[in-house]
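K.L.:
Residues per chain are reported as follows:
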Amino acid sequence: MMRGTCWVADDYVMAYDIIIQEYWTSAIDPEDNSKWVMAGVKEEFNKENGFKENGHTFIVAAHNFAGGGKSIEHVITGLMGAGIQAVFATSFARLQFRNAINYGLPFVTCDNIDKGCETGDELEYNPETGLIKNITKGTEFQSVPAAPFVAEVGEAGGLMNYVRNKIAKGETIE
Amino acid sequence: MGMTITEKIMARNSGRDSVVPGELVWTDIHSVMTMDYLGKTCFDKFKSLGKPEVFDKDRVICVSDHLVPPPNQKFATMLNEWRDVVREHDITNFYDLGRQGIAHQIMVEQGHVLPGTISIGTDSHANTYGAAGAVGNAIGVTDAAVAMATGKAWFRVPQSVKFNITGKWQPWVMAKDLSLHIMGMMHWNGHLLYKALEFTGPAIDSLSMAGRMTLCNMTVDLGAKNGIVAPDKITERYLRNRTTDAWEMIASDEDAKYDQVYNIDVSDLGPTIAMPGKLDDTQPIEKLIGQKFNKAFVGTCTNGRLEDFAVMAEIMKGKQVHRDVNMILVPASQTVYLEALRAGYIETLVEAGAAVDTPSCAACAGIHTGVAGDGDIVLSAGNRNMTGRMGSKKAEIYLTSPSVVAASSIRGEITDPRTFDI
Chain D
40 MMRGTCWVAD DYVMAYDIII QEYWTSAIDP EDNSKWVMAG VKEEFNKENG
90 FKENGHTFIV AAHNFAGGGK SIEHVITGLM GAGIQAVFAT SFARLQFRNA
140 INYGLPFVTC DNIDKGCETG DELEYNPETG LIKNITKGTE FQSVPAAPFV
190 AEVGEAGGLM NYVRNKIAKG ETIE
Chain H
65 MGMTITEKIM ARNSGRDSVV PGELVWTDIH SVMTMDYLGK TCFDKFKSLG
115 KPEVFDKDRV ICVSDHLVPP PNQKFATMLN EWRDVVREHD ITNFYDLGRQ
165 GIAHQIMVEQ GHVLPGTISI GTDSHANTYG AAGAVGNAIG VTDAAVAMAT
215 GKAWFRVPQS VKFNITGKWQ PWVMAKDLSL HIMGMMHWNG HLLYKALEFT
265 GPAIDSLSMA GRMTLCNMTV DLGAKNGIVA PDKITERYLR NRTTDAWEMI
315 ASDEDAKYDQ VYNIDVSDLG PTIAMPGKLD DTQPIEKLIG QKFNKAFVGT
365 CTNGRLEDFA VMAEIMKGKQ VHRDVNMILV PASQTVYLEA LRAGYIETLV
415 EAGAAVDTPS CAACAGIHTG VAGDGDIVLS AGNRNMTGRM GSKKAEIYLT
465 SPSVVAASSI RGEITDPRTF DI
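From first to last, the protein sequence lines stand for chains D and H. Plus 39 on top of the position in the first sequence (first one is 1) and you've got our numbering. Plus 64 on top of the position in the second sequence (first one is 1) and you've got our numbering.
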């Protein structure tokens, strides 16, 4: 069970704005990437630890979260480094949806979630059932539960660990 | 039940007779590409997986494209670290400065993409490979590291969407116009997210490999998983001298199931322009005639090919770039550069007053050659126009085709090449 406050995004939160151009060539490092994460999304986040210092646990968004076609993993590590434990959106861009799975960060698809939350609301998420509770407003949302493979990768702590374990055990991947 | 070409490729490369959309499969990877600014991280991650060598030294393709030639010390140092790690792993196909090009151009042009197979790359425009009848997919460094170790990647089999393209292309109208038209028609609102886009029909049959590459390239910007054109005689002719690997024709079954089918008649399609800031805010050129700009840019994995240079040279021959416009042209690879030189296109374009730069991603990613400054209005044949994409957040980027950039650069304002006196 995860619990904490959420930040609610607008439509079209692009990967570009989550990690702005000058940090694309940085090393992939959660702590480092988190300092400037979301810098392009809102002016108030465009300072060191500008997003991170709010201490949110969840992001709630509408369509095509992290879209705009950027495949860099800094987007995911930056969010994780800032303490984000799950992102709820009505849809996700595929490049970052994939990266999120590979890092074990739940990108959870949930209809209407964007209309039912305000920044600062306290949410509770059950990864097993997919149920999202808005404690502040006393409402509930049923999200799409993670596919078995996605859950397995998440439990291993990401694809690197998942594959590393398989290789160490001499198991084939199929 | 019949399968689409993408489903067939996913089945064939995962040792299955058939697959259905939504199914999760681990597939064999024909080639995995990485490039200068992410490549070292890929190799570092690969090393941490516990395999002493990459799955196949001939099929890990390394390209220097984003940072070359280095414009500053930071990039120069990154390139040195990158070269060290590529050498350490004894990679056969290393396209470094001097033999370089934009990675996606290199992958197709040098025969590292084969019809009926799956290739992946650590850059979003890896969708370009679909032009050669392959599944081309953009992935992050984690997937690349896993593929380097195992020769495999995981995929959820996508639903397919068919674009049936008919009619006769108007003069000077290019594949880029179709890409932008589809962008305006479908928007970014999620309809094509995760989908396999299949381009078919008479207007695709007649389209060159360069045009097919443009079309598949921009499917990532539609949010799609991949874009694909089934291999045909044009593919065969293109690949004949580029690969000795065996491949066979592969196509969708007649009874394949599509999530959606769209019909577009290109006879009605004119030059199309994406407005600054949002790729899916597209307009027919008629609405923008006379719009001034001060920078022109043609290059990138979308429109830096020989055909694009040929079109520009034809339009600009004997004319001069307007004095208020700086025009920068960047061939997509050294091979394209050399071919354009030999064909006389570069000579024509330089005589017209265009600046030609070393093949690289150049200003497209805003980190290199010809970046945009405050107040710049750029007319670009690249692939993205978000605020700040080419540098300054106070610059505006209009996206269009090379023929529109060429005609407009002469006049100094957006000009329809169909009505331009050539």
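Among the hints, erroneous ones may be present.
Sample of chain D residues at the chain H side, in silico, Cβ under 10 Å [said to hold, decoys possible]: (1) M41; (2) S110; (3) C149; (4) A186.
In silico DSS-like cross-links for lysine-lysine, where the CA-CA straight-line distance does not exceed 27 Å [as the list claims (entries may be wrong)]: (5) K115(H) <-> K81(D); (6) K205(D) <-> K121(H); (7) K458(H) <-> K74(D); (8) K86(D) <-> K457(H); (9) K457(H) <-> K74(D); (10) K356(H) <-> K208(D); (11) K104(H) <-> K74(D); (12) K115(H) <-> K226(H); (13) K321(H) <-> K208(D); (14) K381(H) <-> K86(D); (15) K74(D) <-> K297(H); (16) K121(H) <-> K226(H).
None of these hints come from the bench; they were simulated from the model. A virtual CB, placed ideally from N, CA and C, is assigned to each residue, including glycine.
K.L.:
Which of the listed hints are not met by the structure?
P.N.:
Of the numbered hints, 1, 3, 5, 10, 12, 13, 14, 15, 16 do not hold.
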